Amino acid sequence: MFRPSTTAIPDAPTGGNVDWLTPAERAPLAIARDARLEVAADLFQRNPDARFIAVVDDDVRPVGGLLERDIRQLLLNPYGHALLRNPAYGASLCDYIRAVPIVDAGRPVAELIACYQAADGSEGMILTRAGRLFATLSNRRLVLLAARNEAERARGQLERATRIEQASIGFEAEVERLACELAQLADAIKDHGNATDVRAADAGTRAAEMASTTARGARHLEEIEAEGRALLHALTGVADDTRAAQALVADAVSVVGDGAARTEALGRSAESIGAIAQIIGSIAGEVNMLALNATIEAARAGDAGRGFAVVAGAIKQLSTQTARAADTVATHVADVQAAIADVTEAHRRIDGAVRSIADRSTRIMDAAETQRGTMHTIATHVGEAASGAEAMRAQAQGIGDQATLARESSAEMQTLAERLAAQARALAGQARGFLNEVRADTSFAPTA
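No gaps in the numbering here: position 332 of the sequence shown is 1429 in this note's numbering, and each next residue is one more.
Some hints here could point you the wrong way.
Said to hold, decoys possible - Simulated DEER-style distance windows between Cβ atoms: (1) Val-1115 <-> Leu-1524: 44 to 54 Å; (2) Glu-1249 <-> Glu-1278: 35 to 45 Å; (3) Ala-1129 <-> Gly-1203: 49 to 59 Å; (4) Leu-1513 <-> Gly-1203: 56 to 66 Å; (5) Asp-1338 <-> Gln-1499: 31 to 41 Å; (6) Ala-1211 <-> Arg-1252: 14 to 24 Å.
Unchecked claim - Taking lysine to aspartate or glutamate and the EDC-like style, the derived pairs with C-alpha atoms no more than 16 Å apart in a straight line are: (7) Lys-1287 <-> Glu-1505; (8) Lys-1287 <-> Glu-1509; (9) Lys-1413 <-> Glu-1383; (10) Lys-1287 <-> Glu-1515; (11) Lys-1413 <-> Asp-1432.
Treat the hints as calculated values from the structure; they're not laboratory data.
Predicted, not measured: the structure shown is a model, and the values here were computed from it.
Glycine is no exception: its CB is placed at the ideal position from the N, C-alpha and C atoms.
Given only the sequences and the hints, what does the whole structure look like? Please build it.
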């Protein structure tokens, strides 16, 4: 039995929820498709609030509906009751079955209303479950649901408009803040660009000065390297000359040694001659004594010994000359020995000097060898330093080039900063225009 609802309309369903249907709507009026027309009239008379009755087949599947106004027109006809009782006329419902919107009960209310409007429904709607009759909705109930749905939609739009307004306010403030930060960032970039330009110019100047100084240093190092290699060559010559001098000194030492040996032999010979001269002097003395004795004996002999006296006088005279010659020889031998001693001393001194020269030559050669190695190392290091100076000059040139590029990049950065500031201002303007359009298009505006 149909019972009109007098309670508040439930909330709209979601998904397959049908709790919003009233018990009366879940117990719809229905009539079989092959029922008699008078049965339908009797149902309408017993349910005066009903506007239509669902017509179902044998499987309780709705095929349409009987509208209350069609049956009322039949009953208002003076011959209506007679026609209903006429077996030929009141036996069939086919002529009175009307198309009624039939929709699955699990669909949302908004879709049910949309289907009802699309089908041009006038009296109500039939809801099904698994294709079978489940419930019926009157047009009044659908109007109430549509109003409630519209109210919900309006409230949702109002809430959405409120959220949009709040978000717009926050977004506008954020855009303003972002635009301000972008402007500050653009100013900072511009300032950094100017500072970078100044630093790049200063770096370029210093790099050019460093490159010039390094180039001069490289030339000086190259000159020092050339002079060092010349000195190395000279030290090599000194070492070679010292070796030759050492060979000559060795020869001189050998010669001095030979001279000393011969001087020693000459001294020994002089000593032998002195000894012989002494022997001769001794013999002369003894001969002189014999001559004196012979003279004495000749005087004793008188005239007979006169000739012997003459011979004794000659022998005495010869011994005296021999003694004088021996003394002269001894004197000469002493002079020769003194000269030999002087020569020996000179040889000793020459030998010491030559050996000292040899030692100094050795030290000179060692020093020359050491200095040659040192100069070779110095020349090598100076050469490497010259190469390093050239590399530094190239790097300084590269720094200058990079400084030039940095100045160009700084100019580009300043241009970019200006563009960024302009874009920030444009962004703020566009954001304000966008928010104004959003606010203008919003159907519901929140009250203050």
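Right, here's what the structure says about each hint:
1. Val-1115 <-> Leu-1524: 44 to 54 Å: holds (51 Å)
2. Glu-1249 <-> Glu-1278: 35 to 45 Å: With a Cβ separation near 42 Å, Glu-1249 and Glu-1278 satisfy 35 to 45 Å, so the hint holds.
3. Ala-1129 <-> Gly-1203: 49 to 59 Å: violated (26 Å)
4. Leu-1513 <-> Gly-1203: 56 to 66 Å: About 60 Å separates the Cβ atoms of Leu-1513 and Gly-1203, which means 56 to 66 Å holds.
5. Asp-1338 <-> Gln-1499: 31 to 41 Å: violated (55 Å)
6. Ala-1211 <-> Arg-1252: 14 to 24 Å: With Cβ atoms ~19 Å apart, the hint holds.
7. Lys-1287 <-> Glu-1505: holds (13 Å)
8. Lys-1287 <-> Glu-1509: Holds - the C-alpha atoms of Glu-1509 and Lys-1287 are around 10 Å apart, at most 16 Å.
9. Lys-1413 <-> Glu-1383: holds (10 Å)
10. Lys-1287 <-> Glu-1515: holds (8 Å)
11. Lys-1413 <-> Asp-1432: Not OK: Lys-1413 and Asp-1432 at ~28 Å, beyond 16 Å, violated.
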